[in-house]
Amino acid sequence: NAGVTQTPKFQVLKTGQSMTLQCAQDMNHNSMYWYRQDPGMGLRLIYYSASEGTTDKGEVPNGYNVSRLNKREFSLRLESAAPSQTSVYFCASSEALRGRRSQPQHFGDGTRLSIL
Amino acid sequence: QKEVEQNSGPLSVPEGAIASLNCTYSDRGSQSFFWYRQYSGKSPELIMFIYSNGDKEDGRFTAQLNKASQYVSLLIRDSQPSDSATYLCAVYSGGGADGLTFGKGTHLIIQP
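These protein sequence lines are chains A and B, in that order.
Heads up: the first sequence at position 3 corresponds to 3 in my numbering, and the numbers run straight through without jumps.
Heads up: the second sequence at position 112 corresponds to 1112 in my numbering, and the numbers run straight through without jumps.
If we strip away everything but chain B, and leave its shape as in the complex, we get (with noise of 0.2 Å):
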């Protein structure tokens, strides 16, 4: 049974700080790792996706994915208001066309 864990919060943090959202994933054959967001009532949108060992960049947002602890995490500089979300994170384990599985997700208050 593949297993993606996710804190659900809320995680509440001040607006301008770092927000950091954690995943770990049961599947050591883990190829692909997906950040989505998702607000309340709306369908997920994609953040960021890693494959590699390390850290992606991209504006605000930092993905890092650690295969050896299997553990991949997301981090939101100068955080918004308008980051409010759940954040889900979603890993691909291969071995055929099948989905995602995605984490319960992290509900993210960025308080003004």
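Okay, chain A solo, but in the shape it has when bound (with noise of 0.2 Å):
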């Protein structure tokens, strides 16, 4: 039972190229996240998805875009890459809400981004 994979887990892009993070979980997990976490700052909600074909920004969405493929997938694209995009980038899942409350939540292993 693998989890949560992220690929790749390290990447050096130059300034203006683009590049998909991939993320996929086999706990058949409704709810999918992307979060970056940079020193100082703890982790920030960049997209979420709480269902196939769905998706919503979150707290710091802006120089990203998001699919949900399908269930299993989430993917992330930086469209032109900038260096304040360096960052590690996770992707985490969770089962559905119930309620008013929120699952637990899965993280993968992590993106390790540079941008020069």
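No lab work stands behind these hints: they were computed from the structure.
Built from N, CA and C at the ideal position, the CB exists for glycine as well.
It is possible that part of the hints are untrue.
[To be verified] Some chain A residues judged to face chain B by a derived CB distance under 7 Å, without partners named:
id, residue
1, Y48
2, G58
3, S102
4, F107
Starting from the two chains in their separate frames, assemble the complex, guided by the hints.
Set out below in structure tokens:
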């Protein structure tokens, strides 16, 4: 049982290049999330998807796009990378919400992205 | 603006003692509270979650929630050097399928 799998684990880009971060989960979770983690800033939500075919913006969506390809996969795309997007990116998933309570989120190992 | 506050530390605790980690949150409507442990260079790992006022125990870990004071804490009994990590408090405020709001974490050091 792999849980949440992210690829690639490391990537170096030049300013202006584009790339897609991949995420897949095998826990049959409905909800999936993309976070970025920067020193001194904590984890911040970029985008989330409550179910297949739906996506919503989080706290810091500018410069990113997402695709919920199916229930398992949720990708994050940087169309024109900027040095400010240098960060560690985490994908997470959780079971569907129950009423007003959120179920725990399970994280992938992260992608360490450097933009030169 | 939803905020989750934690003392960044480092918090230094002798081996075998109780480590107490604290977290306050701004949104009074928050319903779900989580503690994650993150080792350097690794991903967050779920330790505990709590929904109701009071204490919840799991092994050496106890989560405490006081909604009136907007305060959640994590106690680690019989602290071990392997508990040395950054502990992240996360809060879900409801209203949709949005993500968790995380504190910046407390760096805990267990001294042998």
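We went through each hint and held it up to the structure:
Taking 7 Å as the C-beta cut-off, the interface hint given for Y48/A holds, the closest approach to chain B being about 5 Å. With a cut of 7 Å, the hint placing G58/A at the interface with chain B holds, because the nearest CB-to-CB distance is about 6 Å. Among the interface hints, the one on S102/A holds; its C-beta lies about 4 Å from the nearest C-beta in chain B, closer than the 7 Å criterion. Look at F107/A: its Cβ gets to within about 4 Å of chain B, closer than 7 Å, so that hint holds up.
The earlier numbered hints are all upheld by this structure, with none contradicted.
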